[in-house]
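Student: Go ahead and model the full structure; you've got the sequences and the hints to work with.
For the record, in the sequence shown the residue sitting at position 92 is 92 according to the numbering used here, with numbers rising by one throughout.
No lab work stands behind these hints: they were computed from the structure. It cannot be assumed that every hint is accurate.
As the list claims (entries may be wrong) - When the alpha-carbon atoms are kept at most 20 Å apart in a straight line, the in silico EDC-like pairs for lysine to aspartate or glutamate are as follows: (1) K28 / D57; (2) K28 / D66; (3) K24 / D14; (4) K28 / D93; (5) K24 / D78.
Unchecked claim - Here are the in silico distance ranges between beta carbons for each label pair: (6) H42 / D93: 16 to 26 Å; (7) P16 / S89: 20 to 30 Å; (8) R49 / P72: 10 to 20 Å; (9) A25 / A88: 35 to 45 Å; (10) H92 / P17: 42 to 52 Å; (11) A88 / P17: 26 to 36 Å; (12) A18 / D93: 46 to 56 Å; (13) R49 / D21: 13 to 23 Å.
C-beta: ideal position from N, C-alpha, C; glycine also.
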Amino acid sequence: MLFHVRMIVRLPHDMPPADADRLKAREKQIAQELQRAGVWRHLWRIAGRYANVSVFDVADNAALHDTLMTLPLFPYMDIEVQPLCRHASSVHDDDR
1 MLFHVRMIVR LPHDMPPADA DRLKAREKQI AQELQRAGVW RHLWRIAGRY ANVSVFDVAD
61 NAALHDTLMT LPLFPYMDIE VQPLCRHASS VHDDDR
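Tutor: Okay, structure coming up:
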């Protein structure tokens with residue numbers, strides 16, 4: 001099942017830079033692992049913001065929730081989720 005996920009990261013202003021750097025490095029590692037596994041299908045930065053728009057491919061709502069909770073930055077994110085399905089007018093035979 002595909003999900004459009006928008007994530008806005010809001011790190012505390014008083015978070016020590018070293019702690020933020022460790023969180024970001026771990027986040028990058030996990031995000032890349034999920035991409036290689038085919039779970040995090042697309043990842044785009046929103047220009048000028050500490051935010052992204054992504055497409056996840058997971059079994060269901062619970063699997064998406066569990067996946068998002070594994071992200072080190074999860075406690076600092078505002079997340080919006082929209083389930084996706086194929087559009088009848090799409091010219092593609094797949095969900096790319």
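Student: Next, verify each hint and record whether it holds.
Tutor: We went through each hint and held it up to the structure:
no.	hint	result
1	K28 / D57	holds, 18 Å
2	K28 / D66	holds, 17 Å
3	K24 / D14	holds, 16 Å
4	K28 / D93	violated, 31 Å
5	K24 / D78	holds, 16 Å
6	H42 / D93: 16 to 26 Å	holds, 18 Å
7	P16 / S89: 20 to 30 Å	violated, 50 Å
8	R49 / P72: 10 to 20 Å	holds, 19 Å
9	A25 / A88: 35 to 45 Å	holds, 43 Å
10	H92 / P17: 42 to 52 Å	holds, 44 Å
11	A88 / P17: 26 to 36 Å	violated, 49 Å
12	A18 / D93: 46 to 56 Å	holds, 48 Å
13	R49 / D21: 13 to 23 Å	holds, 19 Å
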